[in-house]
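*Asks:* Numbered per numbering that gives the first Met the number 0, the sequence shown spans residues 0 to 137.
Calculated directly from the structure, the hints in this document are not laboratory data.
A hint or two may mislead.
To be verified - The calculated label-pair distances, taken between Cβ atoms and stated as ranges, are: (1) K61 <-> K3: 34 to 40 Å; (2) K131 <-> R15: 33 to 39 Å; (3) K94 <-> K20: 18 to 24 Å; (4) D49 <-> R90: 30 to 36 Å; (5) D60 <-> G98: 28 to 34 Å; (6) R90 <-> K61: 33 to 39 Å; (7) N9 <-> Q97: 33 to 39 Å; (8) K131 <-> G63: 30 to 36 Å; (9) T11 <-> T122: 32 to 38 Å; (10) T11 <-> G72: 31 to 37 Å; (11) R110 <-> R90: 18 to 24 Å.
C-beta: ideal position from N, C-alpha, C; glycine also.
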Amino acid sequence: MRVKVFDGDNITLVDRGIKNKIHLACIDAPELLQAEGEHARKVLQNILADEEIYVRVFKKDKFGRYYGEVIAGGQNANKLMLSLGLAHYDRLQEKDCQGYAELESKAQSDRAGIWANGTDVMTPSQFRRENKLLGVGY
């Protein structure tokens with residue numbers, strides 16, 4: 000199985016020629032053009048590199064993308080990204096996300112990753128909205 004990491008919360012798994020797009024549920028990582036966006040992508044690549052990967056699927060969206068928890072080498076990659084301060088907790092998926100709010104709070108208090116300068120951080124969804132208005136292709 001091959002893994003392609005698009006950004007800090009989206010990957011594609013390729014197994015026997017079949018591609019499955021996976022969104023790491025419960026988190027929203029910075030967009031690639033945001034501060035820490037490229038760093039989040041690289042960290043996720045490192046987490047997934049050379050590891051056996053499992054996905055606990057929560058749902059599939061209308062575009063065929065799976066939402067779930069990605070387990071690599073026995074670690075929950077979603078929770079690890081949040082703990083490292085490289086993602087926001089996505090409260091829209093709350094019912095499937097036990098323990099995620101606490102991980103985000105700890106990362107904030109530790110000033111990890113995106114929280115290094117405090118908690119007044121533009122969320123990826125805010126970034127997408129603002130840049131769509133400016134004509135950037137998101």
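*Asks:* Each of the hints needs a verdict: does it hold here or not?
*Replies:* Structure-based check of all given hints:
1. For K61 paired with K3, a C-beta distance near 22 Å fails the hint of 34 to 40 Å.
2. Look at K131 against R15: about 37 Å separates their beta carbons, and that is inside 33 to 39 Å.
3. A beta carbon spacing of about 22 Å between K94 and K20 agrees with the range 18 to 24 Å that was offered as a hint.
4. Between D49 and R90 the Cβ separation comes to about 33 Å, which falls inside the hinted range of 30 to 36 Å.
5. At roughly 23 Å, the beta carbons of D60 and G98 sit outside the given window of 28 to 34 Å.
6. Between R90 and K61 the Cβ separation comes to about 21 Å, which falls outside the hinted range of 33 to 39 Å.
7. Checked against the given bound of 33 to 39 Å, the beta carbons of N9 and Q97, roughly 22 Å apart, lie outside it.
8. With their beta carbons about 23 Å apart, K131 and G63 fall outside the hinted range of 30 to 36 Å.
9. Roughly 24 Å separates the CB atoms of T11 and T122, a value that falls outside the hinted 32 to 38 Å.
10. Checked against the hint of 31 to 37 Å, the C-beta distance between T11 and G72 comes to roughly 19 Å, which is inconsistent with it.
11. The supplied range of 18 to 24 Å is met by R110 and R90, whose beta-carbon atoms lie about 21 Å from each other.
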